[in-house]
Every structure is written in C-alpha cells, then in structure tokens.
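Chemist: In the working numbering, the protein residues as written are 1 to 601.
Calculated from the structure, these hints are not laboratory results.
Positions of the beta carbon are idealized from the N, C-alpha and C atoms, including for glycine.
Incorrect hints may appear among the rest.
Per label pair, the in silico range of CB-to-CB distance [to be verified]:
#1 Leu207 x Thr353: 34 to 42 angstroms
#2 Thr515 x Gly42: 44 to 52 angstroms
#3 Lys494 x Ile97: 31 to 39 angstroms
#4 Ser420 x Tyr31: 54 to 62 angstroms
#5 Ile281 x Lys587: 16 to 24 angstroms
#6 Ala115 x Arg79: 16 to 24 angstroms
#7 Glu61 x Ile97: 18 to 26 angstroms
#8 Pro155 x Thr206: 54 to 62 angstroms
#9 Pro398 x Lys587: 19 to 27 angstroms
#10 Leu326 x Pro155: 26 to 34 angstroms
#11 Glu61 x Tyr31: 20 to 28 angstroms
Taking lysine to aspartate or glutamate and the EDC-like style, the derived pairs with C-alpha atoms no more than 20 angstroms apart in a straight line are [said to hold, decoys possible]:
#12 Lys322 x Glu283
#13 Lys21 x Glu94
#14 Lys402 x Glu424
#15 Lys402 x Glu460
#16 Lys21 x Asp149
#17 Lys534 x Glu552
#18 Lys587 x Asp566
#19 Lys493 x Glu552
#20 Lys494 x Glu283
#21 Lys176 x Asp150
#22 Lys40 x Asp108
#23 Lys246 x Glu178
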Amino acid sequence: MAEHFTFTHAPFDLLTKNQQKLFLDHLDIVYFPEQAHFIKQGETASLLYIVLKGLVEEFSEANQSIFAHYTNNDFFDIRSQFGSPCKHDYRTIEETICHTLPSDVFRDLLNSNAAFADYFQRDLAQKYAQLEAREGNKNLAEFILTRIDDSNVQPAIVIGSDVSLKTATKMMLEQKLETLIVEQDGLYGMLTGTDLLRAAVLDEQTLDSAVAHYANYRLISIEQGDFLFNAMLAMTQHQIERVVVKNGDSIVGIMEMAHVLSLFSTHSHVIALRIARAKNIEELKKAAQTLNNLVENLTNNGIKIVFIMELLATMNGQIMKKLFELLVPESVQNQVCLIVMGSEGRGEQILKTDQDNGLILGEHLIWPEQRATLAAFSQHLLSFGYPPCPGQVMVNNPFWVKTSNQWHEQIEQWLLHGQSGDSESLMQLAIINDAHAVAGDKTLLPPLKQQIIDGCKGKEVMLSQFARIALQFGSPLNFFGHIKSNDAGLDIKKGGIFTIVHGIRSLAIEQGIATTNTLARIRELAKLRVLEQKQSQDLQETLQLFFWLRLEQHLTPHQQGMNLLDITQLTPNERDLLRHGLHVVKKFKSFLAHHFMIRDY
Numbered sequence: 001m002a003e004h005f006t007f008t009h010a011p012f013d014l015l016t017k018n019q020q021k022l023f024l025d026h027l028d029i030v031y032f033p034e035q036a037h038f039i040k041q042g043e044t045a046s047l048l049y050i051v052l053k054g055l056v057e058e059f060s061e062a063n064q065s066i067f068a069h070y071t072n073n074d075f076f077d078i079r080s081q082f083g084s085p086c087k088h089d090y091r092t093i094e095e096t097i098c099h100t101l102p103s104d105v106f107r108d109l110l111n112s113n114a115a116f117a118d119y120f121q122r123d124l125a126q127k128y129a130q131l132e133a134r135e136g137n138k139n140l141a142e143f144i145l146t147r148i149d150d151s152n153v154q155p156a157i158v159i160g161s162d163v164s165l166k167t168a169t170k171m172m173l174e175q176k177l178e179t180l181i182v183e184q185d186g187l188y189g190m191l192t193g194t195d196l197l198r199a200a201v202l203d204e205q206t207l208d209s210a211v212a213h214y215a216n217y218r219l220i221s222i223e224q225g226d227f228l229f230n231a232m233l234a235m236t237q238h239q240i241e242r243v244v245v246k247n248g249d250s251i252v253g254i255m256e257m258a259h260v261l262s263l264f265s266t267h268s269h270v271i272a273l274r275i276a277r278a279k280n281i282e283e284l285k286k287a288a289q290t291l292n293n294l295v296e297n298l299t300n301n302g303i304k305i306v307f308i309m310e311l312l313a314t315m316n317g318q319i320m321k322k323l324f325e326l327l328v329p330e331s332v333q334n335q336v337c338l339i340v341m342g343s344e345g346r347g348e349q350i351l352k353t354d355q356d357n358g359l360i361l362g363e364h365l366i367w368p369e370q371r372a373t374l375a376a377f378s379q380h381l382l383s384f385g386y387p388p389c390p391g392q393v394m395v396n397n398p399f400w401v402k403t404s405n406q407w408h409e410q411i412e413q414w415l416l417h418g419q420s421g422d423s424e425s426l427m428q429l430a431i432i433n434d435a436h437a438v439a440g441d442k443t444l445l446p447p448l449k450q451q452i453i454d455g456c457k458g459k460e461v462m463l464s465q466f467a468r469i470a471l472q473f474g475s476p477l478n479f480f481g482h483i484k485s486n487d488a489g490l491d492i493k494k495g496g497i498f499t500i501v502h503g504i505r506s507l508a509i510e511q512g513i514a515t516t517n518t519l520a521r522i523r524e525l526a527k528l529r530v531l532e533q534k535q536s537q538d539l540q541e542t543l544q545l546f547f548w549l550r551l552e553q554h555l556t557p558h559q560q561g562m563n564l565l566d567i568t569q570l571t572p573n574e575r576d577l578l579r580h581g582l583h584v585v586k587k588f589k590s591f592l593a594h595h596f597m598i599r600d601y
C-alpha cells in the first residue's frame, strides 16, 4: 500500500527511513461503506486508523453526542492504542477508505522514536508551540525569541556626574561607545554622543564642564533575560534609540536599536520612527500603509502571534495618536481623550480592522470645529486602510462623543437597562469596558471603566445575562470537514474567538479586573483561582491558535478580508489543533453556564 501513503505530513514526517520501511511493511488498507459502525465503545483496539479518503465521525451511541470528525490524513483512536478500551464509537458518514497499522507496530515506533512519541503525548498548548516552531523561517524566529544576555548588550560604563565633557568624550572614542551612564546622588542617567555635541556646540560649554546637566535621568529599562523582541518593542513604544538592561536594581548593560536593526529585517522601529516624524497627513498615510506588509513578513517568518498583535497594537496606537495631534488643536488636546475599543482596545488586532473609537470631552470645552475635525479624523483613517465600523462606533458619530458627565449618565442608563436583560445595553457596556486611551488626557477614561465594574458588582442576574451572550453562537464541532453546512467556510470568530473573549470579559468584570487584553485577563483570573491553571493555559493557547489560523488565511490572496476558515486549506496537523481548540471552547461554555448559573443555553 506504499503508493497511497506519503510521509510529508505530521507526525509521520518525524519517522526515519528505516522506521518508514517498517511502517509501510505493516500498512494495510480497508474499505467501509457509508454508515458503517466499525468501532464500538468499550472495545479493545488492535489497529490505528488513518483516513485516506472519506469521512469518519466519533460519537457516543449512548447519549447521541458527537465529538469529532476525521477526514483525509487524520488518524484515530490514539487513546485506545495503549490497552485502554475505546472511549467512543466510530462510524463512517460517507464511503471511506482507511489505512490501518497494527497497534503493536505503532507502539514499537513510539518506543524507538522520541520525537514521534512526544507528538502524541503533547497537549494542545505543546502541539501549538510545536506547529509554530516548524512553520516559517526558524532563523528569524530564533532571533526574535533570543534572550538578552552579555553577548548582545553593550557594557554599561558608569561615570560620576562631575566628570568633564572632555573626559567623557575621550572615553567614548577610546572604548568605541555610543553611551555612558552618569551617576548623581544615587540616580542614574544616560549620556550619548549627541548630548555631548549639544553641550559643546549649541550650549557652548567649556571642555571642563561637568556632564551632570546633560544626562537623561528618565531611563527606560528592560530586565536581563527578557526577550530581545521586548527590548525592541519598548524602544518602539517610547520612540527612543536605547534602553538600559538591568539585573534587579543594577544596570548591567545598554541595548541599542542600531544593533537590533542590523539583525532584524522587518524594520518595525523604522516604521515607528516614520510615524513619529510625520509632519503631515500624507507622510503618516505612507507609514500606515506599510503595516500590513510588516505583519505578513512577521507571519511568514514564523513569529508568534502574541508578539505580532502586541507590535501591531503599538503601531496602530501611534498612528491614531499622531493623526489626533495633526488634526486636533493643541489647546484642545489636553481637554479630551481619544479612546479605541473592540479588538483594538484589547490589543488583539491581527490586521487593520474596523474603526472602533470614541471621544471623552472635558466639561467646559469650547471647540467650534469639533464636528468637522472628527469627521476628517474618520475619513483619514479610512484612507489609511482602516474600514468604517458597521455599527458606526466612530468619532464621526456624535453618539460616541460625550463629555465625562454625559458618559457617566449613559453608562448608568446602560447598567439600569442591563439589569432588565436588555442585550443591546449589555453589549454597549462590553464595548466601553474594552476601551483603551491612546491620546489626549488619558485620566478621563479610568473612572468610566470603574463605574462599569462597580455597577456590576454583586448583580448576579445581570452578570448572568451578560455572560449568556458568550453562548449565543453554536459550536462548529459538528460542521467542519466535508460535512460543513456552510460551503463558505467555518466562522472561527463566532465559533470560538467571541466565546472566549466575551466569556473572559464577563469573568473579568465580575472580579473587578481592569486590564483589557484577553490573554492578560485569563492570567489574572488564574491568579485569583477563578480558572484552573490547566484551563487558563488551554484557553490562552486556543485563542492564539484561532488568531493565528485566521491571520494565515487573511494573508492568503483568495481569503483576504474574510473571517471564515477554509478547512480544506488546513494541514492535518492544523485540523487536529483546531479540533482540540474547539473542544476547549465547548468545555469553556459549560464552565460559564455553571459559573453564572445560566440555564437552557
């Protein structure tokens, strides 16, 4: 049967040549007609089945539950290969041809190949990590995940604050440094070549003047042992060229962007600098239009989805802030707060998504050009590639532009109607709860979010109604592979992402957690023991998997702009991970229903 089997898909590509020969020597083939019930619960398995063509359903005849479907290149039932009785029943949905491998041969291969055995022993989180590690350019991925250590930082040379400009300059030249650390009364500052040049040329200081007044004492630091990527991200976020590297309270080195950029080919910091230095709308537009290329480059090079989302959130925030500063009069900027909501507010964008933004106004603000300026803001974002929000959650809609008092009154109304089960009011609360301030007076936002948390505290019925929204979409576990009822594909947003995002949001509001990012909320809930550690890990990995699969197909030409997964385009390993992830979602739904006492969902 060798002509029908290839070793190009996981995990069989892990077998050695001799192991492949053993595999093929014992491989057989079997045909099943439609609706053949060929494995029954409680039986002892003697064969491993690998689908060559057709469709197999895993189900329980006792309670008529369906657990999974298996199609081309999928295999089952792994649990029963080690002597345990089969946990479920298996039947064909259509005519099916399967390869079969004797269970004892399968176990021999596991015993002789650690990597092959490890694949079957990994849980969802480990399999997802394995998939990420094997996809894309490993060299770049390894660079991004490199830890900061002595091999990639510049030594930190500490000098006293009374050292002269001349002495400091000589030290830099002799030791080929770009930066020195200045210590003054227990405080540490950074002194660069540019600082020395400004002191000598612009300020016309004498060469024996002390360096104390020319160092920058507002240092941004990163811990030794952290990811190199996070150092780059910190520099990008703060629009700086250097960070200090610390080990506890001690400064042990300096990380410079120039060195990072010499190794990192995506030039994300260059894009950030273009955004920061944009002098007009057209320059900002050109910088914004490069973001999708950056995301595609990172994805193709195997960078983890959580890093991509964090970087994109930072970049998008900078674009919004810069556009705000270019359009809004400077006298107005510190009297208003620009907020973003939805996936943007949670920092979970994978590409430029719909505009979801609003504005909090100061109480006594006089701004005659307000309506025209905000309309221009939305229009420019559209030209940058950010589509309008279908629900009109945008600053060009007066409903989403209110004074602080008006917002408090609106939230009070939503809370009041939410207690009566009004789903629209509950979703409006959810939108504001995920808000993130990107420009202006950011202190205007926290009181509004705290009002939501305080208004929901102890309101068990309202929280139950709020959480019920997470259960509104049916599970797609019964509708993927060849039997999908919707030929367009599997809606992973409705089938998985929304359930996790809103379910976790409900738990976060209940527990008074202020952070907006879903992964961070999950970690906080685990710390509070609302979620078990295993459940927390599974939910985090599942959400990242869904985002990753969605992004992969976003970047496929015929799938661009779509929220649907084309199951036929997934590898067997990806389908296996997707199936595991959907089971995690199904269990999470049961958890939510029990936790919030939701009946008949």
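Chemist: Which of the numbered hints above does this structure break?
Modeler: 1, 5, 8, 9, 10, 13, 15, 16, 17, 18, 20 and 22
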